[in-house]
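Chains as they are written, first to last, in the working numbering: chain V, 184 to 400; chain R, 184 to 400; chain F, 184 to 400.
In short, the hints are calculated from the structure, not lab data. Cβ atoms here follow ideal geometry from the backbone N, Cα and C, with glycine treated the same way. Be aware that one or more of the hints could be misleading.
What the hints assert, rightly or not - Calculated cross-link-like contacts (lysine-lysine; reagent style BS3-like; alpha-carbon spacing at most 25 angstroms):
1) V:215 x R:215
2) F:215 x R:215
3) F:215 x V:215
As the list claims (entries may be wrong) - Here are some chain R residues the structure puts well away from chain F; computed CB gaps all over 10 angstroms:
4) 191
5) 202
6) 247
7) 250
8) 279
9) 282
10) 301
11) 340
12) 361
13) 362
14) 376
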Amino acid sequence: MHAAIPQVLISSLDGAGTFVFALSGAVLAVQKRFDIFGVLFLSWVVGVAGGITRDVLIGAVPPATIANWHDFAITIIGGLVVFFAYPAEQLVSHSVLVLDALGLGLFAVTGAEKAISYGINPVIAAVLGMISGIGGGMTRDVLAGQIPFVLHEDLYAIAALAAGVIVSVGEALGLPPLLPMLFGAAVCILLRVMAIFFGWRAPHARWHGSPDGETDL
Amino acid sequence: MHAAIPQVLISSLDGAGTFVFALSGAVLAVQKRFDIFGVLFLSWVVGVAGGITRDVLIGAVPPATIANWHDFAITIIGGLVVFFAYPAEQLVSHSVLVLDALGLGLFAVTGAEKAISYGINPVIAAVLGMISGIGGGMTRDVLAGQIPFVLHEDLYAIAALAAGVIVSVGEALGLPPLLPMLFGAAVCILLRVMAIFFGWRAPHARWHGSPDGETDL
Amino acid sequence: MHAAIPQVLISSLDGAGTFVFALSGAVLAVQKRFDIFGVLFLSWVVGVAGGITRDVLIGAVPPATIANWHDFAITIIGGLVVFFAYPAEQLVSHSVLVLDALGLGLFAVTGAEKAISYGINPVIAAVLGMISGIGGGMTRDVLAGQIPFVLHEDLYAIAALAAGVIVSVGEALGLPPLLPMLFGAAVCILLRVMAIFFGWRAPHARWHGSPDGETDL
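With these hints in hand, go ahead and build the complete structure from the sequences.
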């Protein structure tokens, strides 16, 4: 059942996602006035931390991204592009956010599929798919001294989780993996792009610890 | 020597500890105005991060909490309770802190016992028991942009460490594990409850880098 | 090819590095007014986090520092020295920074060599050597609520990376490991000491997100 996925296609898309994620790490690092090491390190971390977390948790050690140097090279190139691309305000524009959505969807479906192939149950496999997508950005924000934006800003992780759930449901239904993976990535990317352009946010609790119970701002 | 522990009892108590830890993650997330994803994610992280850290370090991969979905379900329920329990100021009250002490004691003794059963030496097994208990809360605080309270506030980790040490000493003495586990959990819970009600704190160094050597406030 | 390294020498130097790293964790913890648990925990984390990260990533579980209690004992002693050494302003002086450079160089070369011996490709092995050296300090800073200094302050990680690269190049050239390890450690220590005394910093990007493109301060 797990054959017939064109591995070259997945690798290419995965590499594209890694590159875009690396850009996001480098942009934040430059904004924080990190030095060139800090910029390249954050590029690498954003590109690989999600996949490393997933691989360590499913027992796939050494993680794929450690066992070869391709992802490393991709993220360093991404970091250098940002470091020398001055002025580079346009790198935080909508076009990069759309590319980031592409990376998110691809990481989420390939992450969930890899967890399933290691025998993880479908519920957690969907969560691990999501973590593959959001783990790099969370680590980036913690290292840059920020609360991970994914925890409180616009719709992001839920899009990745939707992709993971679709892959897991497809597995439970006995479908060949490629179809749910394509569908899941498409749903994630679509949700994320809509969130970017329409400002969609996940709901907040009404209670915030303030005695008069005002709603969030 | 490692038989005869009523596994159903341990699983039930472990589940209760996971639930209470999840509440603490959700309460902080709501206070930080995280969205529903952020609330549920922090609930899950607090409930499972300590055990995952221990399992990765002792080579028990995939970690128990990843290999099944029970803990995940428990933490999501805990997070939803907090998210919709408005107003919920009472969730941070003493009763929850006492439940948290229960979770801490249980996690510490089951964590140390699991480390021993994987062949870890008793000294580090006690430390890993403590980490099973405090790891979730530390990760919660880092993700919420705070210095982990366990490093500077009232007596918390030392109670968990005491539990781990008792389990390790019991192992070194060749006792059946259940007795030191029960005793260790009781000591931890008692220490922690006393700390809550009497404001016990661990000692601080006299030197704080201030030139006049004033004591800490 | 991987024989003939005097293991006793490496263990001794590794222990010295662990001790100095523990001092740096304890000093920051005391400055942050952590309690005695916080001080000792941070000492331990700084001494072992880099090696643990490397070992988890290369599949050497349980990590060496978990499988025995020597490093734990060394770091606790280091933490206690700082906790009770009042006043201890001199601990942050140049002499400690030079000892820290020694630890950095040793951790970087032993880390890279260990990664190579686990079959990791030379590019990533060099990076893992660097992570062995800087991982403890990064974790220290994150737990203390600071942006890791290694990302933005004076030349530090690049010195460790140079050591890792030299070990990897030596491996690629088929040299016996001891020679590149000694040379790599020497280069790292020299670079780091020069950075301390001459204030060397890695270059920063010209763009900082400010519209007028002013250089970094």
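Q: Would you list, in rising numerical order, the hints stated earlier that this structure does not obey?
A: Hints 10, 11 contradicted; others consistent.
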